Structures are given as C-alpha cells and as structure tokens.
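> Here is what each chain is made of, one letter per residue.
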Amino acid sequence: MSDAPFYFAQFLTGLASASSLFLVASGLSLIFGVTRIVNFAHGSFYMLGAFTAYSLVNALPSGIFGFWSSVFLSALLVGLIGAMFEFVVLRRIYRAPELFQLVATFALVLIIQDAALWIWGAEDLLGPRAPGLDGAIEIFGERIPEYDLALIVAGPAVLLAVWLFLHRSRWGTLIRAATEDREMAGALGVNQSLLFTAVFFLGSFLAGLGGALQVPREAASLLMDLNVIAEAFVVVVIGGMGSIVGAFLAAVLVAELNAFGILVLPKITIVLAFIVMAVVLIVRPWGLLGKPQAGQHGAGEPEQPLRPLAGLPLVAALIVVAALVLAPAIAGDFMLVLLTDFLVAALFAASLHFIMGPGGMISFGHAVFFGLGAYGAALLVKFAGAGMIVALAVAPLCAAAAGVVVGWFCVRLSGVYLAMLTLAVAQIVWSIAFQWQDVTGGDDGIVGVWPAQWAASKAAYYYVALVLCLGGIWLLHRFTHAPFGYGLRAGRDSSLRAESIGINVHAHQWMAFVIAGGLAGVAGSVFVFSKGSIFPDELAIPRSVDGLIMVLLGGIKMLFGPIAGAAAFTFLEDIVTRLSYWRAIFGGLILLIVLAAPDGVAGGFARLTTRWRGKALQAKP
Amino acid sequence: MTRFVSLRLISLCVAVLAASAAAVVAEPIKIGEINSYTRLPAFTEPYRKGWQMALEEINAAGGVNGRKLDVIARDDAGKPGNAVKIAEELVSNDKVSLLFGTFFSHIGLAVADFAKQRKVLFVASEPLSDAIVWSKGNRYTFRLRPSTHMQAAMLAAEAAKLPATKWATIAPNYAYGKDAVKEFKAELKKLKPDVEFIEEQWPTLFKIDAGATVRALERAKPEAIYNVTFGGDLAKFVREGSLRGLFENRTVVSLLTGEPEYLLPLKGEVPVGWIVTGYPWQFIEDEVHRKFVDAYKAKFSEDPKMGSLVGYNSMLAIAAIVKKAGGTDTEAMLKAASGLTFDSPSGPITFRVADQQSTMGAWVGKTGLKDGSGVMTDWRYANGADYLPSAEEVKKLRPAN
Numbered sequence: 042m043s044d045a046p047f048y049f050a051q052f053l054t055g056l057a058s059a060s061s062l063f064l065v066a067s068g069l070s071l072i073f074g075v076t077r078i079v080n081f082a083h084g085s086f087y088m089l090g091a092f093t094a095y096s097l098v099n100a101l102p103s104g105i106f107g108f109w110s111s112v113f114l115s116a117l118l119v120g121l122i123g124a125m126f127e128f129v130v131l132r133r134i135y136r137a138p139e140l141f142q143l144v145a146t147f148a149l150v151l152i153i154q155d156a157a158l159w160i161w162g163a164e165d166l167l168g169p170r171a172p173g174l175d176g177a178i179e180i181f182g183e184r185i186p187e188y189d190l191a192l193i194v195a196g197p198a199v200l201l202a203v204w205l206f207l208h209r210s211r212w213g214t215l216i217r218a219a220t221e222d223r224e225m226a227g228a229l230g231v232n233q234s235l236l237f238t239a240v241f242f243l244g245s246f247l248a249g250l251g252g253a254l255q256v257p258r259e260a261a262s263l264l265m266d267l268n269v270i271a272e273a274f275v276v277v278v279i280g281g282m283g284s285i286v287g288a289f290l291a292a293v294l295v296a297e298l299n300a301f302g303i304l305v306l307p308k309i310t311i312v313l314a315f316i317v318m319a320v321v322l323i324v325r326p327w328g329l330l331g332k333p334q335a336g337q338h339g340a341g342e343p344e345q346p347l348r349p350l351a352g353l354p355l356v357a358a359l360i361v362v363a364a365l366v367l368a369p370a371i372a373g374d375f376m377l378v379l380l381t382d383f384l385v386a387a388l389f390a391a392s393l394h395f396i397m398g399p400g401g402m403i404s405f406g407h408a409v410f411f412g413l414g415a416y417g418a419a420l421l422v423k424f425a426g427a428g429m430i431v432a433l434a435v436a437p438l439c440a441a442a443a444g445v446v447v448g449w450f451c452v453r454l455s456g457v458y459l460a461m462l463t464l465a466v467a468q469i470v471w472s473i474a475f476q477w478q479d480v481t482g483g484d485d486g487i488v489g490v491w492p493a494q495w496a497a498s499k500a501a502y503y504y505v506a507l508v509l510c511l512g513g514i515w516l517l518h519r520f521t522h523a524p525f526g527y528g529l530r531a532g533r534d535s536s537l538r539a540e541s542i543g544i545n546v547h548a549h550q551w552m553a554f555v556i557a558g559g560l561a562g563v564a565g566s567v568f569v570f571s572k573g574s575i576f577p578d579e580l581a582i583p584r585s586v587d588g589l590i591m592v593l594l595g596g597i598k599m600l601f602g603p604i605a606g607a608a609a610f611t612f613l614e615d616i617v618t619r620l621s622y623w624r625a626i627f628g629g630l631i632l633l634i635v636l637a638a639p640d641g642v643a644g645g646f647a648r649l650t651t652r653w654r655g656k657a658l659q660a661k662p
Numbered sequence: 346m347t348r349f350v351s352l353r354l355i356s357l358c359v360a361v362l363a364a365s366a367a368a369v370v371a372e373p374i375k376i377g378e379i380n381s382y383t384r385l386p387a388f389t390e391p392y393r394k395g396w397q398m399a400l401e402e403i404n405a406a407g408g409v410n411g412r413k414l415d416v417i418a419r420d421d422a423g424k425p426g427n428a429v430k431i432a433e434e435l436v437s438n439d440k441v442s443l444l445f446g447t448f449f450s451h452i453g454l455a456v457a458d459f460a461k462q463r464k465v466l467f468v469a470s471e472p473l474s475d476a477i478v479w480s481k482g483n484r485y486t487f488r489l490r491p492s493t494h495m496q497a498a499m500l501a502a503e504a505a506k507l508p509a510t511k512w513a514t515i516a517p518n519y520a521y522g523k524d525a526v527k528e529f530k531a532e533l534k535k536l537k538p539d540v541e542f543i544e545e546q547w548p549t550l551f552k553i554d555a556g557a558t559v560r561a562l563e564r565a566k567p568e569a570i571y572n573v574t575f576g577g578d579l580a581k582f583v584r585e586g587s588l589r590g591l592f593e594n595r596t597v598v599s600l601l602t603g604e605p606e607y608l609l610p611l612k613g614e615v616p617v618g619w620i621v622t623g624y625p626w627q628f629i630e631d632e633v634h635r636k637f638v639d640a641y642k643a644k645f646s647e648d649p650k651m652g653s654l655v656g657y658n659s660m661l662a663i664a665a666i667v668k669k670a671g672g673t674d675t676e677a678m679l680k681a682a683s684g685l686t687f688d689s690p691s692g693p694i695t696f697r698v699a700d701q702q703s704t705m706g707a708w709v710g711k712t713g714l715k716d717g718s719g720v721m722t723d724w725r726y727a728n729g730a731d732y733l734p735s736a737e738e739v740k741k742l743r744p745a746n
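Protein chains in written order, with the working numbering: chain A, 42 to 662; chain B, 346 to 746.
No wet-lab data here; the hints were simulated from the structure.
Since this is a predicted model, take the numbers as computed values, not measurements.
We put the beta carbon where it would ideally sit given N, CA and C, even for glycine.
Check each hint, because a few of them may be wrong.
Only pairs whose alpha carbons sit at most 25 Å apart, straight line, appear in this in silico DSS-like list of lysine-lysine [said to hold, decoys possible]: (1) B/527 <-> B/506; (2) B/566 <-> B/506; (3) B/552 <-> A/308; (4) B/668 <-> B/680; (5) B/506 <-> B/711; (6) B/527 <-> A/308; (7) B/534 <-> A/308; (8) B/636 <-> B/394; (9) B/464 <-> A/423; (10) B/566 <-> B/534; (11) A/308 <-> B/530; (12) B/440 <-> B/668; (13) B/534 <-> B/506; (14) B/741 <-> A/423; (15) A/423 <-> B/740; (16) B/612 <-> B/552; (17) B/566 <-> A/308; (18) B/511 <-> A/308; (19) B/375 <-> B/464; (20) B/527 <-> B/711.
With the C-beta cut set under 7 Å, the calculated list includes, among others, these residues of chain A facing chain B [claimed, not checked]: (21) 259; (22) 300; (23) 311.
Distance ranges between label pairs, derived from CB positions [what the hints assert, rightly or not]: (24) B/539 <-> A/424: 38 to 44 Å; (25) B/683 <-> A/500: 29 to 35 Å; (26) B/647 <-> A/373: 37 to 43 Å; (27) B/647 <-> A/106: 32 to 38 Å; (28) A/45 <-> B/594: 22 to 28 Å; (29) A/373 <-> B/464: 14 to 20 Å; (30) A/121 <-> B/731: 55 to 61 Å; (31) A/46 <-> B/618: 25 to 31 Å; (32) B/723 <-> A/324: 54 to 60 Å; (33) B/714 <-> A/324: 50 to 56 Å; (34) B/375 <-> A/449: 52 to 58 Å; (35) B/737 <-> A/364: 54 to 60 Å; (36) A/500 <-> B/630: 53 to 59 Å.
Chain A with its partners taken away, still in its complex shape (with noise of 0.2 Å):
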C-alpha cells in the first residue's frame, strides 16, 4: 500500500486550515493596507463572529438555509460594529502619531472580551455541525469531512470575491489607490472619512465570517480573539501587507507546513509559523507579493526638537526624582512594591520609546530583551552560584547581546515588517524558554531567585531598584542628547540626507538596538529579584504589547511620555484589577484617554501647560 493517499488527504486537511486561516488573515490585510492601522481588535471581531452565529444558528430554524444565513447575518453584524468603532472613535485619532491607534483597538480587545463573557458566559459554546455537510467522504480511501471540502471552497471563492471587489468595482479601485498612496488618493478629491469606514465594514465582516465559518470546526470560547490574532499576523506579513494575494499563498504556506510539520516533529507547531515569518522577512523584507511601503507624508503635526532638560521641566523632574527617593520614609511595604513595579515599566517603556521614538523603529517583541535580562540573572543564580550583585551587573550584558543579533537583521527592514521581525524574534526565543525544561524549566518556570540578604526589605529593594532604573533612564536621556542621538533622529527624519552628511544611519540604529536591549534586560533583572521568579510569560507577546501600550499612551513624541505611560498602566491597573468587569472599564479608560489626548499623556499635559502658559502671556498687558 502507498502512502500517497495519505499524504494527498493530508494536503486536502492543510487546505482547510488554510482557508480558515485565510479569512481572518484578509480583512486584516485590507484594513492595515489602507488604514495602516495595526487592529489589535481583528480577533476580537473574529471570536464575535463565532458567538453571534453561535446564538443565530440555535434561534434560527435548523437547516441548511438557516445555517447559512446565520453565518452570513453575523457576519454583516461583525462588519457593522466595525464600522462603527471606526466612526465613533478611530475616525476622531487619525492624525495622531503613526501607530496610535493600536492603543484604541487593544482597548477595544478588553472591552470586547468581558461583553462576551457577560454576553454568553464563561463556558466553550459548541455549536451544530453545518447541516448537509456534516459526514466524511472517502477519497482514495482515506476519510474527508465534507465540511473541509467546503472549507476549501470557500477559501479562494471569497480570494476571488475580494480580488473582483478590488478590480472590477469603482470603490475596489479607490481601495486600491488609498493603498498605493493614501496621500495622493486624498487630494484627487476621493473622500477618505466614507473609504475608510468602508475598509473596516469590509474587513471585520471577512473577521466575522472567518469566526462564524469555525462555528462547525470548534466551540466559540472566549480565548478566540487572543488564539488567532498572532497567526493572522504572521499570515499577513508573509503575505505582504496590504496583499490579498499574498495572504491567500502565505495561509496555504503555513497551514500545509503545519499539517506536514506535525508528522516529523510534533512540538514544532508552537513556533513554525514565526519561523516561517522570520526566514521570509530576511529573504524578502516586504513579505511574498508585498510592495515597499510608500514613504508617508508625514501624517500629522510635525516633531518638536528635543531639548535638554532645564528651566520648569527640570524642576519638576527633580522634584519627582527627591519624591521617589524619599518614597520609602511614609509609604508602606506594598506601595513600594508597586513603586518597583512602576520602576521596572517606566524603564521598560523608556527603553522601547529610545527605538520607537528617536530611532523610528517600531518594536512588537521588545519582552526579549527584558526577558533574557531577567532569564540571565535566575540563571546565573540557580546554575553560577552567583549573588544579587553580579547577577543585576551581567544579566543585562545577555540582553544587549541579544540586541547585536536581533538588531543586525532588524534595521535592515522597516515599517510594521521590523515589527513582525522582532514579534518572530520574540516568539522564538519565548519558545525556546518554554520547552527547554533541562535548563529554564519550561513553562514551570524558575523559582527562589530572591534579593541578597541586605536587600531583602522592600525598602532596601527598592532602592536598588531605584538607583538602577532612574539610571538607566538618565542614561537614555544622555544618549538622545548626545551627538549619537542627534544622529539617530537624523536618521529617522530622513534616512537619504543623514546618509548623505556621512551618518552610517544603519550602524546607529544598530547602536540603538544594543542599548536599548542592554536596558531592558536591566529592567528585566530588577524584576526578576523583585518577583522572584520568572517565567516564559515575561518573554511573550502581552509583554511586548504593554510596553508597547506605556510609549504610545504616555505619547510617542515626548522624552517622558515612557515615563507617563509606564505610571498611568500600572497604577490604573492595579486600581482596576479590584473590580468585577474591570477589563472592560480599563478598556474604557484608556479610550477615554486616546480620545482626550491623541498625542498620549504626556502630550497632552505639555499642551495643556502650554495653553496655560499662553494664556498667563496674553493675561499680561
């Protein structure tokens, strides 16, 4: 007996997946293409989806016709809530800086999780199979649900739908224009505002339609939207952004990998697909059938120069800086456990803000580096033997190692793409903390890495976390202030003039990674002392994604929005997390504040002392 049967009904379940894969993947696509919104939300449209049709198909008269139109109907209702976050908030922040609005959709990600958890309740909702396709055929002797057939089907007839929408139709061509150049399409007279709604119905529908589609396949659950989004990610990048081509060839490429992958080395699936993703960016830094991205044109109020610190500012930054040292003297044993926690996420934040902000590079695997800087210390400890001291002195050096490497094939990309990069990096790296049992103990984690003797009140503690965190965020400020951190910005600003006064632009944001991934790795040892112990959790993507939250909500632009950012997400966190429901509330807040300051917290303190300061000016006679 051969095996080509099996191997051939193997590819025909990989396709399958494929197409599920695919459909989630393609309204993100779409969305970012022409919004360049990165929309955490994507699988939070998607679990709706599987809820919605979950309670239709159980309202509506079983049958063929009444499975159908659930699907469908959900999925036009997804589209519309879409629609209508774009409408409501998104529409209100657009000219905020580049990436903003990720912080309104992670938003929306909390507030959509605790509504479907009041919605339907905390347990897996498995709903009926589709009816009319609910056995298995034999193809050359090996069984096939019908379902999948369907599902391959349905893959490229929705490709071909959207590819006819995009060619064919007048909207489609304008879709495609404000993907090209949004610029350029605005000033020809297309109206933006109705194009844009327009995306986001069309592709929190194909969210919808993915969720609802799965609704055969599993029971809706509440873990969904966090389950899918990363891979839906990771397909669009292969793809190219913007590409639904691209999307369509990337999903078969990790679906078939995966089905293949699985009969060699089972453990592989954890991490296959940002392994994929991080062989194609190096080989093809704009993914398969992606196109550089063009140049923006400056959305938005253009950057204020940095200045020094001094005058008000420092005085107030001192201020703060005695406050915290004096903290220990009225505060008690767990406020200053929440002041190092504080500590470590401002330097965390401040960190990321050094490559985000002066370097321009946008980071969603940040955690890496603070994770490898906590790993390092614990590791140092349980299998060196080595004190409090040494370890907080060598751990960060494991980090900034890591920033060589990382940053060596980073800065050779741009855009949301460098992102993915250092997401694939961080996945990576998290995986291999998490299965390398012998050495990190798995996802068991290292426990007992507890501060030296001396240290061991939370006082003492937290001065050295004090003195090491203040430090590195000094440390940051000098290096933006110095001629390197001019010479960064420059590279940021315009990459072809600084190259052209003879800056090695590369080099410096090389420079940039290896700092800040030193940095970070500090933080990431205080941490580990503070909590004492650490898991794969600190490495992974909602690591990142907090970081990644603090610089944009204290606000990009400004040296102490990191700082800001850091302040406003531990502390409402920590306040929140004591309320039933308190994802949604936070969700709330936060959208409170994107919407009340676009340009972050910080930002929107300095133009309210500015306006203050206008005012006391035009007061005088």
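Chain B: place on chain A using the hints.
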C-alpha cells in the same frame, strides 16, 4: 522626620486597636485568595462559588474558634508577576493570616515560592503540577486537588487492564501535558511492561490543528489512545476524530474529561466509553455530598462542577487548619495542617506529612450520554492516598528544607 511621625501614629493606632480588640474579641480572621478569574472564568467561577458557599456556612455556624472568616479575593489576570504583587499586598497591607487559591501551575509555583520567602501558609487549591509538592515543594505550601501524577496513575491502573499494548498519546505542549504523559507512561510500564508507545502528538495549547493531528494519530494505527487535551482543544479533537473514525474500535483513556467543566461543553457529542477521571456529582449518594449538591443548586441555581467541590473543600481545609491550630500563628497552622484529617463531601481528606499533598481523590469511570449530555458511568471513587508514592520515595523527590 516623617518616619518618626508615622511610627508614632502607627503605635498610637496599634494601642487603640489593641484596646478595641480586647473589648470586641471576635475580630474576623482575614484570608487572602488569588485566582485567574478573568483568564479562565469557565474553571474559576464554579470554584469561587464553591468556597463562597463554604465560607457562608462556616460563618453562619459561628465561624472558627469564635471568630468569623473574611476572605479577600483577587484576580491575577493569569500573570504570575501580578499574582506575586497581589500576594504581597494581601500579606503586608491587608495582613491576611494565610493565602489560598491559584489555578495555573506556574502561578501556583510562583505563589508557593512567595509563601516560602515570606513565611506564610499557602493552600494551593487547584494547580495540578507535581512540582508544587515535590521538586519545588516547601513547608509552607499544602496542595488540595489530586495532582497530575495521582490522576495519571488512576488511569494507568485502568489502562493496564486493557488488552491494548500499542499506545499513542496526545497532550498539549506545556508542563501539564508533558507531566501527564510522562507519569502515565511510567505507571503503565510498571503495571504492564509489554506496552509500547508508538506515536505522540503535542499540539500547542488551545491552538490544536485538529484535522492534521487526528490523521497523524490514525496513521500510526495504535490500539489505544491516551488523551490529555481539554477545553476547546478537546472539542475540536473529538469532532475531527469522530469524523475521521479515529475512535472506532479503539479505547481512549482521557485525563480529567469526566469533569463537568470538560464534559458539558461537548453536549451531545460526548464520545461514549472513554475511560476518564472526573466528577459524577449526579450519582454520588453519600449523604454529606448530597447535602453539598442540594445546597449548591439551591444557592446558585446551577449544577456543581469539579471546581465547585475543590473550592468548597479548600475552605473546609482552611477552617480545619485554623481550628486545630487554635489561632492564626503561621507555625501553629503549619503544625496543625501537617497530617490533618478533615471531613468533606469527598469523604475524609488528609494532608500527608511527607509531602503536604492532600489525599482528596477523584472518580474514575467511563463517559456516557444521558438526555443528550455527558455523564460518567461505571465509576468508582479512587482514594488519592492509594495513588501517591510512599514517604520514602517522596524524600527523594522533595528538596530537604
């Protein structure tokens, strides 16, 4: 200067408090509780209801040693760092006398290590990891729920009775899945040396590529399958597996699948005849258990789940510890807890002296269908004590401390 003032203030407060304490006597005993309520509500909400019900019953009966119990419950959002921060707040701000809770094994380990560092008693209610009581065990941590090893050993005992010798395994690729497979293999080999494990699949947790995985298992043509997947992964595995005939003429042995949390979401598609550990609450006739079920249904108008029982027993365990210790001094409570036996709806439970693991057991039986939803049939209660290694062996597993 400020410190001086605040110290004086504190000592004043302490004096006032001491005076009022003398006057009122029955100051409640504060207990800290941490769990992943938002991350995994399907598992942690029934648990919360369980301990809340026990708490109300205990307080209605006058509390423990004349003092009421007061539980401060917090959500760790599924992050170990958060859990440690909250533990710190509960201990230093809220001045709780002990901690309990946690669901995820890694969070359980983080809090257990915190307990060791801060010298607080921690009753780990739900985490299954063997490391909590063995390789990373410490004298401050007691674990209630039957561990991975115990449940795997219960299933191995049943699996050894089967004629099957060629086995395949499928488990989520993380510590719990790996431990569950390792323990099952070791126990089954001990009982039946001629078994072979011919295929293993390790889908990523909650991201199973079910079709491809099922086909890979099918290709190996095993005689029996050992399954550790759960939640959404299990639903997908069952659907794809039955469509592709994976379960035809094969015995499946499946960890935890008989617990209502895992069984109910499968609705009418529960595969019949799988050998599982679980909780057949509908059929347990024991009087204490009946009372628990009736009270639970009356209070929450829903059926109890495994988590409900674990939560309920956790609270009973804590009340028993505090009662025996005669107060909330940590050393006294540790001494009281070690070897303590208390009554519960699961029958008498003992915290073993050797490893501080409780002997709470699980029910072993087969899956079945009744009125379109999953139940357990042919079940028996497996006492945890029978599936734990001897004190001698534990000595080798546990670090000396």
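> Work down the list of hints and note, for each, if the structure agrees.
Consistency of the hints with the structure:
1. B/527 <-> B/506: holds, 19 Å
2. B/566 <-> B/506: Status holds; Cα separation ~20 Å.
3. B/552 <-> A/308: Answer holds: residue 552 of chain B to residue 308 of chain A is near 12 Å, not above 25 Å.
4. B/668 <-> B/680: holds, 12 Å
5. B/506 <-> B/711: Holds. Residue 506 of chain B to residue 711 of chain B sits at ~14 Å (cutoff 25 Å).
6. B/527 <-> A/308: Holds - the C-alpha atoms of residue 308 of chain A and residue 527 of chain B are around 15 Å apart, at most 25 Å.
7. B/534 <-> A/308: holds, 24 Å
8. B/636 <-> B/394: holds, 16 Å
9. B/464 <-> A/423: holds, 21 Å
10. B/566 <-> B/534: Within the cut-off at roughly 20 Å; holds.
11. A/308 <-> B/530: holds, 18 Å
12. B/440 <-> B/668: Judged against 25 Å, a Cα distance of about 19 Å means the pair holds.
13. B/534 <-> B/506: holds, 12 Å
14. B/741 <-> A/423: holds, 20 Å
15. A/423 <-> B/740: The given pair, whose Cα atoms are some 22 Å apart, holds under the 25 Å limit.
16. B/612 <-> B/552: holds, 21 Å
17. B/566 <-> A/308: holds, 20 Å
18. B/511 <-> A/308: holds, 21 Å
19. B/375 <-> B/464: holds, 16 Å
20. B/527 <-> B/711: holds, 22 Å
21. 259: holds, 5 Å
22. 300: It holds, given that the least Cβ distance between residue 300 of chain A and chain B is near 4 Å, below 7 Å.
23. 311: Result: holds, 5 Å to nearest chain B Cβ.
24. B/539 <-> A/424: 38 to 44 Å: This hint holds: roughly 40 Å between Cβ atoms.
25. B/683 <-> A/500: 29 to 35 Å: Between residue 683 of chain B and residue 500 of chain A, where Cβ atoms are some 34 Å apart, the hint holds.
26. B/647 <-> A/373: 37 to 43 Å: holds, 40 Å
27. B/647 <-> A/106: 32 to 38 Å: Given a distance of about 34 Å, which is inside 32 to 38 Å, the answer is holds.
28. A/45 <-> B/594: 22 to 28 Å: holds, 25 Å
29. A/373 <-> B/464: 14 to 20 Å: holds, 19 Å
30. A/121 <-> B/731: 55 to 61 Å: holds, 58 Å
31. A/46 <-> B/618: 25 to 31 Å: Distance hint for residue 46 of chain A, residue 618 of chain B holds at roughly 29 Å.
32. B/723 <-> A/324: 54 to 60 Å: holds, 58 Å
33. B/714 <-> A/324: 50 to 56 Å: For residue 714 of chain B and residue 324 of chain A the Cβ distance comes to about 53 Å; the hint holds.
34. B/375 <-> A/449: 52 to 58 Å: holds, 54 Å
35. B/737 <-> A/364: 54 to 60 Å: At roughly 57 Å between Cβ atoms, residue 364 of chain A and residue 737 of chain B fall inside 54 to 60 Å, so the hint holds.
36. A/500 <-> B/630: 53 to 59 Å: Distance hint for residue 500 of chain A, residue 630 of chain B holds at roughly 58 Å.
Every hint from the earlier list agrees with this structure, and none is contradicted.
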